[in-house]
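Take these sequences, add in the hints, and give me the full structure.
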Amino acid sequence: MKLLTHNMLTSHVKGVTKGYPLLIKATEVKLNEVEFNPQFVSRMIPKLEWAALVQAAEELGHRQDLPGELVTDYEKNEDFLKKVHTVLLEVEVIEGCLQCPESGREFPISRGIPNMLLNEDEV
Amino acid sequence: MQHQRSYDAVRLHAAAWTTVMEEAASQLERDHVHSVYDKIAPYFNDNRYKAWPKVRQFLLELPPGSIVADIGCGNGKYLHINKEVFKLGCDVCRPLVDFAWSQGHEVQMCDGLNLPYRDGCFDAVLSIAVIHHLSTKERRIRAIKEMARTLRVGGHIMIYVWAMEQKRRKFEKQDIFVPWNPNPHLPSSSHKEHAKLRRRATAQSVTEAIDNPEKHRKVRSTSSVADEEDLTHTVPQQKTQRLWFFSRSLDSVFDFGSLAISWPSSRDLSTLSSPTGEKDENKANQRGRGRGLIKQVSNFFSPQSVIGSEEDVFDARGNVTNNNNGAENQGVSVSLAQECGSVPLPDLISLQREHLNEPEDENTKRPQGEEQQESTQGSSQGSEGQVEGSCLRYYHVFREGELAELIENHVEELHVKHTYFDHANWCVVAEKVQLWRI
Numbered sequence: 001m002k003l004l005t006h007n008m009l010t011s012h013v014k015g016v017t018k019g020y021p022l023l024i025k026a027t028e029v030k031l032n033e034v035e036f037n038p039q040f041v042s043r044m045i046p047k048l049e050w051a052a053l054v055q056a057a058e059e060l061g062h063r064q065d066l067p068g069e070l071v072t073d074y075e076k077n078e079d080f081l082k083k084v085h086t087v088l089l090e091v092e093v094i095e096g097c098l099q100c101p102e103s104g105r106e107f108p109i110s111r112g113i114p115n116m117l118l119n120e121d122e123v
Numbered sequence: 001m002q003h004q005r006s007y008d009a010v011r012l013h014a015a016a017w018t019t020v021m022e023e024a025a026s027q028l029e030r031d032h033v034h035s036v037y038d039k040i041a042p043y044f045n046d047n048r049y050k051a052w053p054k055v056r057q058f059l060l061e062l063p064p065g066s067i068v069a070d071i072g073c074g075n076g077k078y079l080h081i082n083k084e085v086f087k088l089g090c091d092v093c094r095p096l097v098d099f100a101w102s103q104g105h106e107v108q109m110c111d112g113l114n115l116p117y118r119d120g121c122f123d124a125v126l127s128i129a130v131i132h133h134l135s136t137k138e139r140r141i142r143a144i145k146e147m148a149r150t151l152r153v154g155g156h157i158m159i160y161v162w163a164m165e166q167k168r169r170k171f172e173k174q175d176i177f178v179p180w181n182p183n184p185h186l187p188s189s190s191h192k193e194h195a196k197l198r199r200r201a202t203a204q205s206v207t208e209a210i211d212n213p214e215k216h217r218k219v220r221s222t223s224s225v226a227d228e229e230d231l232t233h234t235v236p237q238q239k240t241q242r243l244w245f246f247s248r249s250l251d252s253v254f255d256f257g258s259l260a261i262s263w264p265s266s267r268d269l270s271t272l273s274s275p276t277g278e279k280d281e282n283k284a285n286q287r288g289r290g291r292g293l294i295k296q297v298s299n300f301f302s303p304q305s306v307i308g309s310e311e312d313v314f315d316a317r318g319n320v321t322n323n324n325n326g327a328e329n330q331g332v333s334v335s336l337a338q339e340c341g342s343v344p345l346p347d348l349i350s351l352q353r354e355h356l357n358e359p360e361d362e363n364t365k366r367p368q369g370e371e372q373q374e375s376t377q378g379s380s381q382g383s384e385g386q387v388e389g390s391c392l393r394y395y396h397v398f399r400e401g402e403l404a405e406l407i408e409n410h411v412e413e414l415h416v417k418h419t420y421f422d423h424a425n426w427c428v429v430a431e432k433v434q435l436w437r438i
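Residue numbers (the numbering used here), protein chains in the order written: chain A, 1 to 123; chain B, 1 to 438.
No wet-lab data here; the hints were simulated from the structure.
For lysine-lysine, the following DSS-like pairs were computed, each having C-alpha atoms within a straight-line distance of at most 25 Å:
hint: 1; chain 1: B; residue 1: K167; chain 2: B; residue 2: K54
hint: 2; chain 1: B; residue 1: K145; chain 2: A; residue 2: K47
hint: 3; chain 1: B; residue 1: K83; chain 2: A; residue 2: K82
hint: 4; chain 1: A; residue 1: K30; chain 2: B; residue 2: K83
hint: 5; chain 1: A; residue 1: K18; chain 2: B; residue 2: K145
hint: 6; chain 1: A; residue 1: K76; chain 2: B; residue 2: K83
hint: 7; chain 1: A; residue 1: K14; chain 2: B; residue 2: K145
hint: 8; chain 1: B; residue 1: K83; chain 2: A; residue 2: K47
hint: 9; chain 1: A; residue 1: K83; chain 2: B; residue 2: K83
hint: 10; chain 1: B; residue 1: K83; chain 2: A; residue 2: K2
hint: 11; chain 1: A; residue 1: K14; chain 2: B; residue 2: K137
Which bits of chain A does chain B cover? Going by a derived footprint, with three or more residues having C-beta under 8 Å, they are:
hint: 12; stretch: 10-22
hint: 13; stretch: 107-117
With the C-beta cut set under 7 Å, the calculated list includes, among others, these residues of chain B facing chain A:
hint: 14; residue: V97
hint: 15; residue: M109
hint: 16; residue: D111
hint: 17; residue: C121
Bear in mind that the values here come from a model prediction, so they are computed numbers and not experimental data.
Virtual Cβ for every residue (Gly too), placed ideally from N, Cα, C.
Structure (structure tokens):
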């Protein structure tokens, strides 16, 4: 699971109102090499919940000194974009779980795949 | 006072019945969608499952930097298209999702009725050949609404569903069970290859499928899966063994008069919707009774229950199959349609013999003799060549206009932009719109 994906994921257990962002408890993390496309990253940034991304990167120990708040004028800042690129696309959680911040419910991640299926009583 | 009591009773029954229906729908989908795909997943992992061109085009036309979700992505065959956009996929079928991940895609396990994505986070959503597996209209609407929720305003969703109206024939009913056949007739006339395919197909395991993608590239097309994608192309070329079981729609359960099921008493129904403050032992009893009802309703829709009915099956070219087998008296109408050729299904052999010589005509390229030989080979191969009765996939095939109507009438946050017929599918592209509430 990449952090770009994580940025979209939320807990959807019945009754939960603050299910985002999911806390990451990782037991295995990989760092891949992914081709850097600055334009791609630049266009992706406005679609992100920035604070959630920084928090997730922090949890994995890969914060890359990303600022807590999004800087303006990042489109031409290649250093910054490269850092965001790494955090979004190169860091990968292989094993662990995602925890709902409100209910504490844990969604397992195994073989890189988060299992977000709910049980009967959570629907 | 009397009025109020009967009004309450009706509401209570309606609520309880909704629970039963929901459970029955879930059960049906578990048995005839989820577990089937779990079993047949290895056969999907083949290189030649190409994307539908119009879906590919939809993806390629997305602005760079878009985020796209393929809801019900299966083995992920759409997830590699367009490097300029970020794609993720999800599905309920673990083996298929595992395969997609092995191809380098971002995928999750989840259910289309409860998507784990935040509101408005996607620029585009795909739903290709997915919602026709949902067994009630209400669930199909919920699935569309869930996808609409995750779509941003201005974003587009593309939905493909199997059409009732195929090019050469029309399904007589909308709710059907389609058997999975891993060993269909192949375009090539080589028996040797055919036999090899069977051996390989039955020997495959899921891990093999994931670890050996190369092997799968050599496996030839299975027409059943090709059916899913391209019914009309395979039919003229080959005499495919295809059987459809028709069933009543779960939605039609509300048509009380036509059913021979023993209706639950008011007391039974009221126990299903009791308030939550009950003691544990009462709850257990309720659950037990609830489950009993659910089982009764589910069995009602099981394709194993009855073979044959009085109903006509296809209305194509006067090749109408009339089965009147003195079926069991559960009151279920399940009809069997056999196109041509014969695949021995253990409990349907007598019916098949009747229709062995059904004329499939001008478009068939191979001589009659060869057909017969292949059929015999099929039946003599024992379990290898047989369609498994347990691998019946449930489909609700859509009438023309049904999908667009569903969206227009029930999903106000989506605005239908295009509808069209693509091979064997009805297709809709819709845009997420901002709803203003006063």
